[in-house]
Amino acid sequence: MKLYDECFAGLHEILKKNPAKKLVWPAVKWNGTDKNKIIFQSDAAFELGGANLPAISSVAFTDDPDLVPADEILLIGNDLADLNGDSPFARIAMIRVNEDEMGTGERLYQTIRRIEYARYHIHPEGYMMRISAFTHREAARVARDALAKGLSFAHVGAFLIEEYKKQPQVEAVKLLFVTADGFPYDTLEKVMEKSESITTALDHIMRDIKMDCRTCSLKTVCDEVEALCGKA
Amino acid sequence: MMEKSNTIILAFVGKGGVGKTSLSAAAVRLLSKAYPDKRILAIDADPAVGLATALGTDASLTVDDIRKAFVAQAKKGNTGAAVELLGEAKYRMFDAVAENGNVSFLAIGRPEGAGCYCKVNAYLKEIISMLAGNYDYVVIDGEAGIEHVNRRVMEKVTHLLLISDASRKGLQVIKTIHAVAKEMVMFEKAGVIINRIPDMSLAENLDAGATEILSLIPDDSGVAMNDATGESIYSLPESSPLMQGAKEALVKLGVIQGN
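Heads up: the protein sequence lines correspond to chains A and B, in order.
First residue of the first sequence? That's 1 in my numbering, and the numbers climb one at a time after it.
First residue of the second sequence? That's 1 in my numbering, and the numbers climb one at a time after it.
The hints are simulated quantities; they were obtained by calculation from the structure and are not laboratory data.
The structure displayed is predicted, hence computed values, not measured ones.
Misleading hints may appear alongside valid ones.
[Stated by the list, open to error] Derived, one-sided and incomplete: chain B residues facing chain A with beta-carbon distance under 8 Å:
1) Tyr35
2) Asp37
3) Gln73
4) Val83
5) Glu84
6) Met130
7) Gly133
8) Asn134
9) Asp136
Glycine included, C-beta positions come from ideal geometry on N, C-alpha and C.
This is chain A alone, in the form it adopts within the complex (with noise of 0.2 Å):
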């Protein structure tokens, strides 16, 4: 699974310049509520990725244990209850995988994408994601009572790596909260920019598309994937 290694590579230098900590794993999990739930912006504390801020997400995969050791959370900037308003946002998930559970071909493609559409399935009360996977954008809104009762990144991440957990294949999840005024938002989107583009061309690949490779956006990568995959 060297497929997103440039992508690691990416993150470890911003994580190198911009340190995380690690937040404590939650002792009691928090509750979920109902799927269909809305937050209304009265009831809002904040949105993380609101009001046109930066809001990234993506993932990235590996199968190398020195890279995603074990499931832990990072947050760099303040936690939810330390947000006094409308914050820029990203949440980067890092994934080790049993390669050998993977698949090839068009399995491999489908399996990445059930992994990644985990964070449709979690709705932890009081914090209301919502994605734009046209516009690669993943705000989410906090409710002020939620705070009150003490949601914290620490409930959040439990809550997704529970999630992609539930996929037979994810073995570790290393989650990455990031709310720092002054990290480099566009830095981090321009690397993981490249995640979704790999897996987009997985896709290209696999669906064997006709078309004129010269033209096509996707070329580079597609030439790296196929290299990679050893097709080339």
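With the hints as your guide, set chain B onto chain A.
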């Protein structure tokens, strides 16, 4: 699918120009006052798009804008998985909902052009239903027929309010709408409001068919003045014929209490 909710959904339908928008706005105002702790969603599903002005609110993004964005993405070959499309519809729908106190507003926009967008409509309707389930009351300012509301907004409403003026054509239209709605089992209760009656001596001869007449409202010059000046429903006196007629109708339907 949505679980069954207790949301009361009122749809105002009838031919154009009979006062559906003013009556929908009046219903929102009455509900907001009667139930200050409840949440009300006003949906403008009339292509004339006048409910925003009538409520003194603004709709910068409509459901139709979202639909167009979906279609544009599909044309680029980016169709997405169902879970992504539902997430996308939800993401954008929250930007289209304008919250003001206990009243929220959502504009559907103009009907789509040529082409079949059944799949897109299905996703958008699913999200509108999800949204609606979070409110205690939903008021829909509809197009002429209930089938339009059904296609673009909601599968089913709880209360169907058939609005007509005193014209024979207006009354014929609501009989047809009622017959279609009954056949498609789209409501629990229905009633007729006859609005803009130029002379109340006509009232006893108005034939609305078998449906209960909830209120008869004389032509209200205050509403015409409001329309001309772009004032909202909130500037109309509570004692105005329109407000009184709307209240009488909602009381008869059991949606609000009398007095």
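Taking the hints in turn, this is what the structure says about them:
1. For B/Tyr35, the interface hint is violated, the least distance from its beta-carbon to any beta-carbon of chain A being 16 Å, above 8 Å.
2. The closest approach between the C-beta of B/Asp37 and any C-beta of chain A is roughly 12 Å, which is over the 8 Å cut-off, so the hint fails.
3. A least Cβ separation of about 6 Å between B/Gln73 and chain A falls short of the 8 Å threshold, and the interface hint therefore holds.
4. About 5 Å separates the beta-carbon of B/Val83 from the nearest beta-carbon of chain A, less than 8 Å, and the hint is met.
5. For B/Glu84, the interface hint holds, the least distance from its beta-carbon to any beta-carbon of chain A being 4 Å, beneath 8 Å.
6. The beta carbon of B/Met130 is positioned within 8 Å of a beta carbon in chain A (closest approach about 5 Å), and the interface hint is therefore held.
7. Hint on B/Gly133 holds. Least Cβ distance to chain A is approximately 6 Å, under the 8 Å limit.
8. Among the interface hints, the one on B/Asn134 holds; its C-beta lies about 5 Å from the nearest C-beta in chain A, closer than the 8 Å criterion.
9. For B/Asp136, the shortest C-beta to C-beta distance to chain A is roughly 12 Å, which exceeds 8 Å, and the interface hint is violated.
Hint compliance for this structure: hints 1, 2, 9 are not met, and every other hint is.
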